[in-house]
Each structure stands twice: as structure tokens, then as C-alpha cells.
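Undergrad: All chains, please: the whole structure from these sequences, using the hints.
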Amino acid sequence: MTVKYCHGSARHAETVFGWGRDAIFENLRFVHGQASRDRETLRISMDSKAKVKIGEFSLRGLARGRSTVRAADHDIGPSAVLTPVGILELAKHQLNLVFGTSRDTSVFMVVALQWFWNNRQEAYPGVQRLLINLDNGP
61 MTVKYCHGSA RHAETVFGWG RDAIFENLRF VHGQASRDRE TLRISMDSKA
111 KVKIGEFSLR GLARGRSTVR AADHDIGPSA VLTPVGILEL AKHQLNLVFG
161 TSRDTSVFMV VALQWFWNNR QEAYPGVQRL LINLDNGP
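Per this note's numbering, the very first residue in the sequence shown carries number 61; after that it's consecutive.
Any given hint could turn out to be false.
As a list, the in silico SDA-like pairs of lysine to any residue whose alpha-carbon atoms are at most 20 angstroms apart [unchecked claim]:
| id | residue 1 | residue 2 |
| --- | --- | --- |
| 1 | Lys152 | Arg99 |
| 2 | Lys109 | Phe77 |
| 3 | Lys152 | Gln94 |
| 4 | Lys152 | Asn178 |
| 5 | Lys152 | Arg180 |
| 6 | Lys109 | Leu157 |
| 7 | Lys113 | Thr161 |
| 8 | Lys109 | Phe159 |
| 9 | Lys111 | Ser166 |
| 10 | Lys111 | Ser162 |
The hints are simulated quantities; they were obtained by calculation from the structure and are not laboratory data.
TA: This is the structure:
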């Protein structure tokens, strides 16, 4: 209905339905403020990044160590392709990185979140809820 009514214009839909960006960000500030005062809520930010090819690849002639390492000049046939997911604990400024071999799917994001909570839950006794900012949101 929104697309048809607003002729496919997101800006027009924001105006017609009151979905203005300012209102959205104002609501986020309110929700984040509530979460920061609630001892049962932990606010985190979660985002996946570009896949990383693993293998003996060239660094354009540069070496990280003292001696030159033999490397392929193209990144064809990597031994693995990993997808990194970062989970930032906003209160403690701690970044947790999870690497997976699956595609960047919602299932992988849930698995990364489960790994995070299984490994960090002890640091947050009493937390019953997670407030998750996705895609590097505000």
C-alpha cells in the first residue's frame, strides 16, 4: 500500500505517514536512554563485514616479517572464506569478533549472537534483555 500510495517514494512515505528521520532518531535516543538506566538490559551493536579470503596470498611485494614469504600473486582458490561479525558491548567498549564459514545470513547472525551470549553472559549478571543495534545503526 505504501509503495502504491506514495508512488514508490520513501521520502514521500516519511512525510505522509510521519516516519521522518528526525522522529526515528528521537525515538532511538529515548529507547537507548531507557536501556542505559535499566540493569536488566544490555545494549550491543552487531554488524557483519566483507568476507575474508584465507591463504598464502601476496601483499604486493610487502612482507610483515623479517624475511620474504613465498605467496601466490592472485587470490584464486583460498583455503577458506570467512565472514566476520563484530559485536560491540557499548557499555564496556569491548569488541567481540566472530568468524564463520557460512554465508552472511540471518541464521549466521543468530549463531554469532548465541556464541557471544554463551561467552559473555557471566560478565552481565541480571541481564534479561539485549537491545541490539544492527547494521551499525545509531
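Undergrad: None of the hints should be skipped; say for each whether it holds.
TA: Verification of the supplied hints:
1. Lys152 x Arg99: Holds, because 14 angstroms separates the two Cα atoms, which is no more than 20 angstroms.
2. Lys109 x Phe77: violated, 33 angstroms
3. Lys152 x Gln94: holds, 17 angstroms
4. Lys152 x Asn178: holds, 17 angstroms
5. Lys152 x Arg180: holds, 12 angstroms
6. Lys109 x Leu157: Status holds; Cα separation ~11 angstroms.
7. Lys113 x Thr161: The given pair, whose Cα atoms are some 10 angstroms apart, holds under the 20 angstroms limit.
8. Lys109 x Phe159: Holds: Lys109 and Phe159 sit about 10 angstroms apart, inside 20 angstroms.
9. Lys111 x Ser166: Distance ~15 angstroms between Lys111 and Ser166 Cα, so the pair holds.
10. Lys111 x Ser162: The hint holds at about 10 angstroms.
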